[in-house]
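A.B. asks: Construct all of the structure, not just a fragment, from the sequences and the given hints.
So the sequence lines, in the order shown, correspond to chains A and B.
With the numbering used here, the residue at position 76 of the first sequence is 138, and numbering never jumps.
With the numbering used here, the residue at position 228 of the second sequence is 372, and numbering never jumps.
Because the hints were derived from the structure by calculation, they are not lab data.
Nothing here was measured: the structure is a model prediction, and the numbers come from that model.
Even glycine gets a Cβ: it sits at the ideal position worked out from N, Cα and C.
Worth double-checking, as some hints may not be accurate.
[Stated by the list, open to error] Covered by chain B, according to a simulated footprint, are these stretches of chain A (three or more residues, beta-carbon under 8 Å):
#, stretch
1, 253-267
2, 272-284
[To be verified] Think about it this way: if two alpha-carbon atoms lie no more than 27 Å apart in a straight line, the pair counts; the simulated DSSO-like pairs of lysine-lysine are:
#, chain 1, residue 1, chain 2, residue 2
3, A, 259, B, 287
4, A, 346, B, 294
5, A, 305, A, 259
6, B, 287, A, 359
7, B, 294, A, 305
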Amino acid sequence: MPNTMLEVNELTTKYVTRFKEDVYAVDHVSLKVEEGRSLGIAGESGCGKSTLALSLMGYYFPPLHYMSGDIIINGKNISGMDPDEVRKLVLGTEIAYIPQAAMNALNPTQKIISFIEDVVQAHELYQTKKEIYELARKCFDTLGLPEDALQKYPVELSGGMKQRVVIAVSVLLLPKVLIADEPSSALDVTSQKMVIKMLRQLMEVGFISSLIFITHELPLLYNVTDDIMVMYAGQIMEKATSKEAVFDPLHPYSKGLMGSIIVPEKGLRNVKLTAIPGVPPNLKKPPTGCRFAERCKYVRPECTLHAIPLREIGGGRMYRCILSEKELRETYAREAHKNVK
Amino acid sequence: MSNERNLCLSASGLTKVFGFGRQKTAAVDHVDINLYEGEVVSIVGESGSGKTTLAKMLLGLLGPTEGDIYFQGKKRDISTQRKKQEYWKNIQAIFQDPFSSYNIFDKVDAVLLDCIHMRGGRKLPHEKKIEIMAEACSFVNLKFEELTNKYPFELSGGQMQRLMIARIFLLKPKILLADEPTSMIDACSRATILDELMQLRNETGMTVIFITHDIGLAYYVSDSVYIMEHGKFVESGTADDVILHPKEPYTKRLISDVPKIHEEWDLSTV
Chain A
63 MPNTMLEVNE LTTKYVTRFK EDVYAVDHVS LKVEEGRSLG IAGESGCGKS
113 TLALSLMGYY FPPLHYMSGD IIINGKNISG MDPDEVRKLV LGTEIAYIPQ
163 AAMNALNPTQ KIISFIEDVV QAHELYQTKK EIYELARKCF DTLGLPEDAL
213 QKYPVELSGG MKQRVVIAVS VLLLPKVLIA DEPSSALDVT SQKMVIKMLR
263 QLMEVGFISS LIFITHELPL LYNVTDDIMV MYAGQIMEKA TSKEAVFDPL
313 HPYSKGLMGS IIVPEKGLRN VKLTAIPGVP PNLKKPPTGC RFAERCKYVR
363 PECTLHAIPL REIGGGRMYR CILSEKELRE TYAREAHKNV K
Chain B
145 MSNERNLCLS ASGLTKVFGF GRQKTAAVDH VDINLYEGEV VSIVGESGSG
195 KTTLAKMLLG LLGPTEGDIY FQGKKRDIST QRKKQEYWKN IQAIFQDPFS
245 SYNIFDKVDA VLLDCIHMRG GRKLPHEKKI EIMAEACSFV NLKFEELTNK
295 YPFELSGGQM QRLMIARIFL LKPKILLADE PTSMIDACSR ATILDELMQL
345 RNETGMTVIF ITHDIGLAYY VSDSVYIMEH GKFVESGTAD DVILHPKEPY
395 TKRLISDVPK IHEEWDLSTV
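C.D. replies: And the structure:
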């Protein structure tokens, strides 16, 4: 049985606003990432994807607060730990995080190599500058980045290059889990492809053991990750393998998301994109029943009565809907039939 | 069929040179473009290929170094402010960044009110103006009651971009230039915005110029596609021809850079 690299049980975190209102941005989320697997997290903006990423690595600085649940990274339970302690204990060595605008992390007045020295020395693992240089050089070499980039200032590198440099720096200390939060959305398509290629390479050469990839671009997720988890309003709506999630989504929200995919392939022009009307609910006062109910096409009166549990249907697949798998499939089939007519 | 179509906007030998001496670069290099009424055209290229410079010249925000632009058969004249304003009644734009498209000191209503005034509705009674604004908002599935008396920063990116479309709905220009209208918006709202734009086009029959780096998007919306590299068009034709059967290596590369779901995505080419 493969080792579990990251295990999260019923994690709940909240934001506290200026007016002391609680916003539960991550609500009872459980997930498990095994060695050698990658997990994609999809969802609209404002669904708690990035908050989940911050919560996973114990980055609890106000207004974000830890409420309950366990986070176990490679056997170490970090739930409720002080962020400073987390940074010393696990950040960089067990878990690493690449934010959306990672390239802005580079110091414009420092050469890349002195930035790397600072990062590595903060963990007190390597002593001399020579050792650090050797480490960085090897890492850059393996990932296909030019060695002379180490001696350059950030302004001398292109946007895509900066992003790849930051990714390389984040895996220098060989973390077990890498969380990439929209690492390519600010880049053009060619740089995006290079970043994606690099992320895959990281897994192949063994720099990281598992990857969590967060984005709203579903075609990207499909090409990068093994499993896809769909989040909505702080909750998991569906979890399935990438193939099932894209071609055979069960939850109406996932169905809507998959209907908005745009790829330059034959037949796209004849398909009408299915946009989901409305906006995600205000989490200050979350709806009592299903959180997706007010935007759902197939809503029933009983949907809004009480919270809907996550159903497991075997093979690690789960979804959160009042309708059974059979009912959902029948509904979709009927709709597809209607569209053909 | 091409004989029946009326030429709406065209340009010949359009060039824009930035810098001088050794720094001289032609951002747009002798470009010819013909836009017919009611057509949806996409201009696709990487960053730095001169798409936005071309758009700015067509809009009249930037003077060309060389070449002429013809609007409805006549040479475009925007030499005075009054003539410029007259021209802008016919051509309008939606920009990439909705957050910087608004005056942050003005309320949302003022944006729409301006459009009504521009269309000669200055003397209409207040109730009528409200009615028109509400209609424009409902066209883009926004509720006017929720927007009124709000400042732009209180809206989400998707809402702002949709309000931009509501503006276009009120102005009813002959040409709409959309410069990467969905690149800062997440995939869900993107579908909504594209649908609304296309619906607007079907209702008003305006010409739409899409500027994008996402070739999938270009394929979905447009009738014809121009591929731009280093200030020149390298390939053009109908969307099906260019994107399903690309001839130029540059076009092939652009298409291979976009993730696919039905075909294998080849990562070895970068």
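A.B. asks: Decide, hint by hint, whether the structure agrees.
C.D. replies: Status of the hints after comparison with the structure:
1. Counting residues of the stretch 253-267 of chain A whose CB lies closer than 8 Å to any CB of chain B gives 6, which reaches the minimum of 3, so the coverage claim holds.
2. Coverage of the stretch 272-284 of chain A by chain B holds. Counting CB-CB distances below 8 Å, 6 residues qualify, and the rule asks for three or more.
3. Under the criterion of a C-alpha separation no larger than 27 Å, the hint pairing residue 259 (chain A) with residue 287 (chain B) is inconsistent with the structure, at around 43 Å.
4. This hinted pair checks out: residue 346 (chain A) and residue 294 (chain B) have alpha carbons roughly 20 Å apart, not beyond 27 Å.
5. A hinted pair counts as satisfied when its Cα atoms are at most 27 Å apart, and residue 305 (chain A) with residue 259 (chain A) qualifies at roughly 19 Å.
6. Annotation: proposed proximity of residue 287 (chain B) to residue 359 (chain A) holds, straight-line Cα distance about 20 Å (limit 27 Å).
7. Using a Cα cut-off of 27 Å, the hinted pair residue 294 (chain B) and residue 305 (chain A) is violated, with the two alpha carbons roughly 43 Å apart.
Hint compliance for this structure: hints 3 and 7 are broken, all remaining hints hold.
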